[in-house]
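Q: Listed in order, the protein sequences are those of chains A and B.
To convert a position in the first sequence, counted from 1, into our numbering, add 9.
To convert a position in the second sequence, counted from 1, into our numbering, add 55.
Hints should not be assumed to be uniformly reliable.
Per label pair, the in silico range of CB-to-CB distance [claimed, not checked]:
(1) A:Gln40 to B:Ala57: 28 to 34 Å
(2) A:Arg37 to B:Glu99: 21 to 27 Å
(3) A:Lys51 to B:Pro139: 21 to 27 Å
Quick caveat, the hints were computed from the structure, so don't treat them as lab data.
Treat the numbers as computed from the prediction; the structure is a model and nothing was measured.
A virtual CB, placed ideally from N, CA and C, is assigned to each residue, including glycine.
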Amino acid sequence: QKEVEQNSGPLSVPEGAIASLNCTYSDRVSQSFFWYRQYSGKSPELIMSIYSNGDKEDGRFTAQLNKASQYVSLLIRDSQPSDSATYLCAVNIYSKTSYDKVIFGPGTSLSVIP
Amino acid sequence: DAGVIQSPRHEVTEMGQEVTLRCKPISGHNSLFWYRQTMMRGLELLIYFNNNVPIDDSGMPEDRFSAKMPNASFSTLKIQPSEPRDSAVYFCASSSEYGDNEQFFGPGTRLTVL
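So that you can see chain B by itself, here it is in the shape it has in the complex (with noise of 0.2 Å):
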């Protein structure tokens, strides 16, 4: 059974670029989540989805930065534009509600913004 699939796994941009970020969740979990996470900053939650509606994007940093979740196998995280301060790793992660709140997380997308 495949688990979360993110892509692309590296991303080298310049400064003003749009970047988007893919993710497909595992097949029958209901919710997922979009984290950033850097040495400085740690793990940060940036928005999560519930049914593909979105839930909670307090964590979202700037209108800069959108996600959508158009059906239960894909969302999307786009950055435009692009700032060498959003150089981080982007995980994705997707969780049932048939369990208790156990996210299974996806390889991350390494994004570095020159």
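Isolated chain A, as found in the complex (with noise of 0.2 Å):
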């Protein structure tokens, strides 16, 4: 398994939508959470980070955590089209050697419709 997952997409939804992307880790010690958002050609792009079971919102954006089903999610309300780009999900594992890594999913390619 491997320790982050995401559904690569693509994922499409028309503007003024709700998009709603997850993400499941394996690693049930993690506590630090972060959605990415990476345009074509552009870097990565922090948008959200989360750390307690539950939502958290910001704007348009809410990201919701549940560290007992090992997953986390982000929705955003109101969809436009400037919204299209990869959301990668990253999360802190714990590493024995007692430096924390910070391992990203492959991302979700979401794609507002006009």
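Could you use the hints to bring the two separately framed chains together as a complex?
A: Below you can see the structure in the form of structure tokens.
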């Protein structure tokens, strides 16, 4: 099992709809979770971080974390064409060497159709 | 405040040549990461440094790859000799010990080996 998994997509949603992006991870003791957005030809950009179970909202973005089920999701409300990008889930993986490591998922490609 | 700086932004070279990629992390950040991104393999961690010391180089593909961080504001990734399969986008990222492992990415270097 891969450490961080995401559906590769592409996920297509109409403008104004809610886009739901999901991510599962294998390390039960992970404590930090991140969502990055990457536009084509650009570098990943951090958009959300979440550390506690439940929801965290920031504008049109809501991150949801369920540690018991080992999944984290990102909801984008009122999706806009400018949200079209690849979304990378990243999880802080505990390391026995005492230095934690952030592992990125393969990313989900989102396309918002006008 | 300047973000992570990488140079060159584009590099085209011939197989067998030496390639050196450069990175300047965000001032005050004490962790630095080198990633490689391809369509096939996604975003792969090659090596990361903490306080200028290499912590995990398990992602370095083979002995042709080497990385150094002589001081807190500069790192290099060298490929010698380069091969066509090394063609990819190489990202450098940095993070602060005072955060929760949020990484900030540079613009990347697009490497093409002919």
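Q: Range hint 28 to 34 Å: satisfied by the CB atoms of Gln40 (chain A) and Ala57 (chain B)?
A: 30 Å, holds
Q: Do the beta carbons of Arg37 (chain A) and Glu99 (chain B) sit within 21 to 27 Å of each other?
A: 24 Å, holds
Q: Can you let me know if the beta-carbon spacing of Lys51 (chain A) and Pro139 (chain B) is within 21 to 27 Å?
A: Cβ of Lys51 (chain A) to Cβ of Pro139 (chain B): about 24 Å, so the range 21 to 27 Å holds.
Of the numbered hints listed earlier, not one is contradicted by the structure.
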